[in-house]
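A.B. asks: Based on these hints, arrange chain Y on the given structure of chain H.
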Amino acid sequence: DTGVSQDPRHKITKRGQNVTFRCDPISEHNRLYWYRQTLGQGPEFLTYFQNEAQLEKSRLLSDRFSAERPKGSFSTLEIQRTEQGDSAMYLCASSFLGMGNTEAFFGQGTRLTVV
Amino acid sequence: AQRVTQPEKLLSVFKGAPVELKCNYSYSGSPELFWYVQYSRQRLQLLLRHISRESIKGFTADLNKGETSFHLKKPFAQEEDSAMYYCALSTPSGTYKYIFGTGTRLKVLA
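Protein chains in written order, with our numbering: chain H, 1 to 115; chain Y, 116 to 225.
Hints are supplied without guarantee of correctness; some may be wrong.
[Stated by the list, open to error] Capping the alpha-carbon separation at 20 Å, the derived lysine to aspartate or glutamate pairs in EDC-like fashion look like this:
| hint | chain 1 | residue 1 | chain 2 | residue 2 |
| --- | --- | --- | --- | --- |
| 1 | Y | K180 | Y | E147 |
| 2 | Y | K124 | H | E56 |
| 3 | Y | K222 | Y | E135 |
| 4 | Y | K172 | H | E103 |
| 5 | H | K71 | H | E56 |
| 6 | H | K11 | H | E56 |
In case anyone wonders, no lab produced these hints; they're calculated from the structure.
So that you can see chain H by itself, here it is in the shape it has in the complex (with noise of 0.2 Å):
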């Protein structure tokens, strides 16, 4: 499978616990998004990097919540001290800038789960 991973695919944590998961977007794509999908919502919104930059962050993302993306490749998402309204469903697109092309191409997502 060529598309876009991440790992984890789930993990169980206890509260309090810092938990990071990782994204390796499609290798030519230099947008990376992340977005958080609780129980019967869409995927909501959190941040995006063009390349490494980290150029938008959602208010969903507190400042418990860390994203990073060194060299412009995969993508690394950290949640400290971890509460149980964290659970989710953890997901990571990537696209390609070109002619308008705005097609994000998703991975299977991490589930986190608090307890």
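C.D. replies: Only chain Y this time, still in chain H's reference frame:
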């Protein structure tokens, strides 16, 4: 505020019946509209987008700017169409982030 509304959480139809999944949006400019589909145990994938004006797997969607709608239609549903469908809008510049609706689960009954 930018918003996408999908009023139906679940839509059940019989095989061979027509399908219409509703999507309304709120956006002050000229957004790009998309339909994404998620089959069981698979990732979200693009079904179609309004700028391409194509039919994919028999589905079509027309952007109606007057009614701010982008309904998804198929004349004859197939069992393999059963999936979760999400309507999304993207601003045509800047981050191109998506704003998704809450999704409609389509069940096609034999």
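A.B. asks: It remains to establish, for every hint, whether it holds in the given structure.
C.D. replies: Tested hints:
1. With a C-alpha separation of about 11 Å, the suggested pairing of Y:K180 with Y:E147 holds against the 20 Å cut-off.
2. Distance restraint check for Y:K124 and H:E56: the Cα-Cα separation of roughly 30 Å exceeds the 20 Å cut-off, and the hinted pair is therefore not satisfied.
3. Using a Cα cut-off of 20 Å, the hinted pair Y:K222 and Y:E135 holds, with the two alpha carbons roughly 12 Å apart.
4. Restraint check for Y:K172 and H:E103: the C-alpha separation of about 18 Å stays at or below 20 Å, so the hint holds.
5. Pair hint H:K71 plus H:E56 holds up; C-alpha atoms about 18 Å apart against a cutoff of 20 Å.
6. A C-alpha spacing of about 26 Å is found between H:K11 and H:E56, which places the hinted pair above 20 Å, so the restraint is violated.
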